[in-house]
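Model the full assembly from the supplied sequences, consistent with the hints where possible.
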Amino acid sequence: MRKILIVDDDVDLCAEVAAMLSGEGYAVDAAHDAAGGVARARARRYDVILLDFRLPGPGAGETIGRIRAAQPHAKLFIISGKPLLESLMDDRRLAGLVDGTIGKPFSPALLLSKVRSPR
Amino acid sequence: MGTLLRRSGIRALGDVPWGTHFCVFYRSPGDMLDILLPYFTAGLEQNECCVWITSEPLQVDEAEAALRRAYPLFDEAAGRGQIEIIPHTEWYLRDDRFDSARILEGWLGLLARARARGLDGLRLSGNTFWLEERHWRHFIDYEREINTVIEGRPMLALCTYSLERCGAAEIIDVVSTHQFALVRRGGAWERIRSEEQRLAQEALRESLLKCRVVADNTYDFEFWLAPDGKCLYASPSCERITGYTAPQFLADPGLLRRIVHPDDLPRYDAHVRETEARKGLAEIEHRIIRADGRTAWIAHACLPAYDGAGRHLGLRGSSRDVTDRVETERALREARDRYRTLYETVADGVVSIDLEGRFLSANPAYLRMLGYTMDELARLTSTDVTPGKWRAMESRIVRGKVLKRGWAPPYEKEYIRKDGTVFPVELAVYLIRDARGAPAGMCGVARDITARRRLEDAQRRGREELRRQVRERTRKLARAVRDLKAEIRGRRRAEATGEETARMLEAFFRHTIACLVILDRKFNFIRVNNAYARACGMDAAEFPGKNHFDLYPSAELEAAFRKAVATRVPYQATARPFVFPDHPEWGETHWDLTLVPVSDARGRLDFLVFALQDVTERVRAEQRLLAAERRLLEAKRLSDIGTLAATVAHELRNPLAAIKMAAYNIRRKAPGARLAPHLATIDRKVDDSDEIINNLLFYSRIKQAHHARLRPASVLRECIATAARRHPGNRVTVRRRLAPISGLRIDADPLQVRELFVNILNNAFDALGGRAGVVTVEARRKPRGMVSVRIGDTGAGLAPADLERVFDPFFSTKSRGTGLGLTVCRQIADLHRGAIRIESAEGKGTAVTVTLPLRRPRGNAP
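If you read the sequences in order, they're chains A and B.
When the letters of the first sequence are read in order and numbered with this note's numbering, they come out as residues 1 to 119.
When the letters of the second sequence are read in order and numbered with this note's numbering, they come out as residues 1 to 862.
Calculated from the structure, these hints are not laboratory results.
Please note: incorrect hints may appear among the correct ones.
[As the list claims (entries may be wrong)] Cross-link-like lysine-lysine pairs, in silico, BS3-like; alpha carbons within 27 Å at most:
no., chain 1, residue 1, chain 2, residue 2
1, B, 389, B, 401
2, B, 685, A, 114
3, A, 114, B, 401
[Claimed, not checked] Calculated from the model, a selection of chain B residues having no Cβ within reach of chain A, i.e. all distances over 10 Å:
no., residue
4, 142
5, 263
6, 527
7, 570
[Claimed, not checked] Ranges between beta-carbon positions, derived for each pair:
no., chain 1, residue 1, chain 2, residue 2, range
8, B, 688, A, 35, 45 to 53 Å
9, A, 62, B, 399, 34 to 42 Å
10, A, 107, B, 430, 29 to 37 Å
11, A, 62, B, 437, 41 to 49 Å
12, A, 107, B, 399, 50 to 58 Å
13, B, 404, A, 62, 51 to 59 Å
14, A, 107, B, 771, 24 to 32 Å
15, B, 745, A, 42, 45 to 53 Å
16, A, 35, B, 780, 31 to 39 Å
17, A, 35, B, 457, 51 to 59 Å
18, A, 107, B, 464, 54 to 62 Å
19, B, 811, A, 35, 46 to 54 Å
Glycine is no exception: its CB is placed at the ideal position from the N, C-alpha and C atoms.
Dropping the structure here:
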């Protein structure tokens, strides 16, 4: 079973996404802050990681770096309601660490297509 | 060089230049006359002095007779001294001695005399029949010397030799000392020339040609004046500079002086005298009056000319047209004077300081502002006149702005006057650079803003003050009425002194600028004063007997008046709006009102004093102020929206994402038709919310377009699909005509263009409001590399008043939405250097046309 980690401080959103993805046959873990996300990433191997850009805890860049170090093979997406999310990928360093962005509010179809896309 | 070439009169020769020295070998007196008669006739005809030295075989009287026959005007010429026929014994062989120096001087004397009489030059001929062998060497030397004397002078010399008397050696001598010789061969005269002479002649002609080319093509006006002032040469450029032609100058020796501007003549004459005295280069700038009457400035230089032998040849002059330069200098001088005047008289203080802040210069306004003299200021630095609290800020501006980019926008600070008082100024500062571009100092323009500050304070206090005044006036009026009552009571007590008071009150009532009305308890006019009548546009006599509320009906005011009558409490209102029923053209007026009920001694209501003040102007000013404040608030709100929007977007999109996911999960867990429409509503509303957030974000951040290649036809198809999805269940027919742009690619920001079309399409769908209708999307190629998309609907259309405002932010005719959709559309069109236009007819529909350039225009977007 493919494993997905979602890290977002919106507990409700995590629950709904987890419900949707479990329905599609994925095993979903959730974390609600940066430290929790990094701990999860270090504990278990994931196929896909959905990471909110603004999390309680250290800066986004640092969190992404740590998670990527722990999960070199996972597909890592930034999920955020931040305006102009796409422009994040203009940052070379960040673009080297993540596989893409998914703007909130995303549709289930979009999320599934991203999750299923090959790395 | 017409003046230098002379007609020789001899057919075989044609024209010869002055300075020609040639000879003729004759066999008979007939031969001689054949040459000499036309030679002299030509000379006489050309205003030359002719001198003929005769000897055997032709005597003086024979020569004279022959010439008289050839030239009928001989006697007149002889009378003027233009022709002299002299026997050789009186010329060559005086005292039987041949003295070449004496003879040469004689020729020059004759030339001088001829020029003095106004003749052009000297044409001479001498016969050498008298020559004996003992004279031969001397005479040939003399012939050689003639060459140097004659060169450069207006002289022609023709020597006649008898062929019989010359041997071969003599002929060679003669030919080599003359420029050429003429001999008769078989009836025709022929030129014989020595090789040496021919070469010299050719060299001369060549150099003459060069001189001529140079002279005739000079840009400046070059001329040569003979010692007697006659013009010998004028370059053709004279016509460009003076408007007169070269022949005019040659023919008229006085012209050169006559064209000098009368005001400059004394200087010009002094210059001429100086040139003659100095024998060196002399220059002058003077004006001339051109042939066309215009004035021109001439830079003139001249130099006396001498030949190799030191003989004075006259004056070489050169005149250059310097009108443009002189005019430019004058304009520059005037501009400088004007700026100087501006600098001296401008109300703003202008000051320059060096980089250490030492004062270098200051205009009178600056000195007046600070109360220093320039000498006192020169000993100070800008720190000395700046209060301590401003110094850090000012040095930050100087370091951060002035020194870096060369200027600083106006900022406010304070100055300390010489007397120690402090006053606020607005100061703009510019960097002064030296010739190498290195910073050398600063220039400041200072404006005393004390008055402006006072005005701003006054404006701030103004409205409060006005309110206070209204209260004050009411209080005063109440007091006046109280006093009046006391007065009336007093009058009743003492009728005798009352008369005086009554007169006083009457005068006050009549002449005060306040509008005053006395009403009875039923609000009938008893009296009005002139100020009131004027304000109503009527005569004071028209009021008595009429009822106030018949003239000016107002249920509200009437109720207020009744209450005042009932309670005996004065009624008071500020800025009450009122429209004169008989003068609607005055528009809405505003009045401060006071109604004071006056009771008699027994406490019964006696009459009412109604005082009014027209405050329309004040209210209008206040309204303008309020409108300005509202605009300011709006602007501030817009800048706050930027920050707010970014926060809201982020905060709101999280719950929206959760809602969307939840709806999906419900649909999956409880499939069936019962919940489906509600879940669809949730989905749609989440999309709507997201759209609102997008517009808000878009509006609040003016961002540059990120251009990429896109196919507008595909984008439009997608956008139509998106809009149709958002308006499910309606009965809209979409007519697309995208063929004209199918396959076309444009440079544009894909996100922005999508935003643009989606917004317009959503409006079109919304306009139909669920009714059946048509949305038309037409695309066209336009000239000048543009593409246009027209999106029309058959909806309700917009009222003309609304149409004007559709691009204003926060304007919306819809209950839903931010009122930013079209604002954003226009912003996007502008960012792409495109345009957006809206047409609408109420009940028929609306069409929005967007025009975008195919290629990204150069330069920055606005």
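Hint check against the structure, violated hint numbers in rising order: 3, 8, 10, 13 and 16
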